[in-house]
Amino acid sequence: MKHILIKNISLLASPLYEGGWLEIENGILVTERNTIMFIGSAKTFATWQAEKQIEFDKTIDASGTVVLPGFINGHHHLYQSLTRTIGTAEGKSLFNWLKFLYPIWGRLTPEAVYISAKLALVELVMSGATTVADHLYIFPNGTSIADEIRAAQEVGVRFHPTRGSMSLGESQGGLPPDYLVEDENEILKNSLAMIEEFHNPDKYSMLRVGLAPCSPFSVTSDLMEQSAFLARSFRNVHLHTHLAETIDENQFCLDMFGKRPLEYVSELGWHGDDVWFAHMVHPDDKEIEHLAAHRSGICHCPSSNMILASGIAPIRQMLDGGVKVGLGVDGSASNDSNHLLAEARQAMLLQRVGWPGFVSSADRFSAREALELATIGGAKMLARDDIGRLEVGKVADFIAFRIDDIAHAGGQADLLASLLTCSPASVWLSVINGKVIVEDGEFLAFDINLLVEKHNKLSAKLIAG
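Everything in the sequence shown is counted per this note's numbering, starting at 1 for the first residue and increasing by one.
In short, the hints are calculated from the structure, not lab data. Here the structure is a predicted model, which means the values were calculated and not measured. Check the hints yourself; a few may be wrong.
[Said to hold, decoys possible] Calculated cross-link-like contacts (lysine to any residue; reagent style SDA-like; alpha-carbon spacing at most 20 Å):
| # | residue 1 | residue 2 |
| --- | --- | --- |
| 1 | K435 | W48 |
| 2 | K457 | S337 |
| 3 | K394 | E32 |
| 4 | K203 | K92 |
| 5 | K286 | A309 |
| 6 | K435 | E55 |
| 7 | K203 | R235 |
| 8 | K43 | N8 |
| 9 | K52 | S63 |
| 10 | K2 | K43 |
| 11 | K454 | Q153 |
| 12 | K58 | Q317 |
| 13 | K7 | V436 |
| 14 | K461 | P103 |
| 15 | K435 | D57 |
| 16 | K461 | N449 |
| 17 | K7 | L451 |
| 18 | K461 | P110 |
| 19 | K43 | E18 |
Let the sequences and hints guide you as you build the complete structure.
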């Protein structure tokens, strides 16, 4: 479709690059192919349209909704939607949880990776995500990130798959079992192949590949260095890993390398605008300064950090210190949800809670700040200037939530904040790259019920062994 008109928007809202929010009542948004052509009030639109005389291929009446930039999910393990509640229901910490699940994940197949990714991506889209980064680091039985790329293309989501890896098995002092680690030469060979086959570095790209050795406790320092060198041989191939997620990880790095996690990876070249870390729950003040100085990004995953009792990341301090922070749901087995709007609510609430060194403070984190993590914060974290806010010339990724329903009744004083202070909803509309993906609350591309049925059968088979 060349032109889409979204009219009668109750509130059109977008974070601004320099800070603050653009908030327009009775707003209008116009797309031209895959970009935004107009954004403004009904009054300014009338003048603009009188001059342009655009013929619209589709018109959507968005009265009773809030329209926002599409959300950006900065960290996930899509395959983990197959193993929800396992280990989290009874309560396991990160290392014990991983050891419990490694044998189950070792039975993954290409079909399981494809179907689980497809289901998790649809769930994310229905919660507001238009861009998703994933971290697939386990490759048994011929599985590949190509399996989840196929799923993303069928869903229609903007995708940042990262080719993860584990090479440091138990016999070498690592956490994963030896039968799940890969040869490092094969890892690098396959990483190169994935970049050459799938990566698109250009503006408005729907598919960018990254490299993501899993963590300091599952790969060698040589693989970290070689991955960084390979990534930087290409334009816009970024680096990603888990870091400082738990106190146990910090102690592992001190025992193994004589350094804290951030110092260890930084000495291996892992710092800069092309690097983002998942979690960073346990930094000290100097590490926050380091992250800001090097423009490295952090993906905050509050629900996972709570379920696994990893701790509370000092996001308020990071933002105040100039660190780029985005939002992620983390894997479906350590959340166990894929609801990005709900994750933004968790981020808002968790930063208000006191923890050692910080007293509880209700004004520590606002609803708008939490929504910034999910939008412009994620764009900055991924070093993308074409997503994360609604502006003319930016990509046409946007979403709408209804605020005239029972869940938002009485929340009219602040429609934007009500998205988080009231019960998190599913999207009423989702447009990705100028294409309508969800309309009237319905996912359009295929039958979700059939997908759920197939996914549950694969899950049962995987768990049963």
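Going through the hints against the structure:
no. : hint        : verdict
1   : K435 x W48  : violated, 23 Å
2   : K457 x S337 : holds, 19 Å
3   : K394 x E32  : holds, 11 Å
4   : K203 x K92  : violated, 42 Å
5   : K286 x A309 : violated, 24 Å
6   : K435 x E55  : holds, 17 Å
7   : K203 x R235 : holds, 11 Å
8   : K43 x N8    : holds, 11 Å
9   : K52 x S63   : violated, 24 Å
10  : K2 x K43    : violated, 23 Å
11  : K454 x Q153 : holds, 19 Å
12  : K58 x Q317  : violated, 45 Å
13  : K7 x V436   : holds, 15 Å
14  : K461 x P103 : holds, 13 Å
15  : K435 x D57  : holds, 12 Å
16  : K461 x N449 : holds, 19 Å
17  : K7 x L451   : violated, 33 Å
18  : K461 x P110 : holds, 14 Å
19  : K43 x E18   : violated, 26 Å
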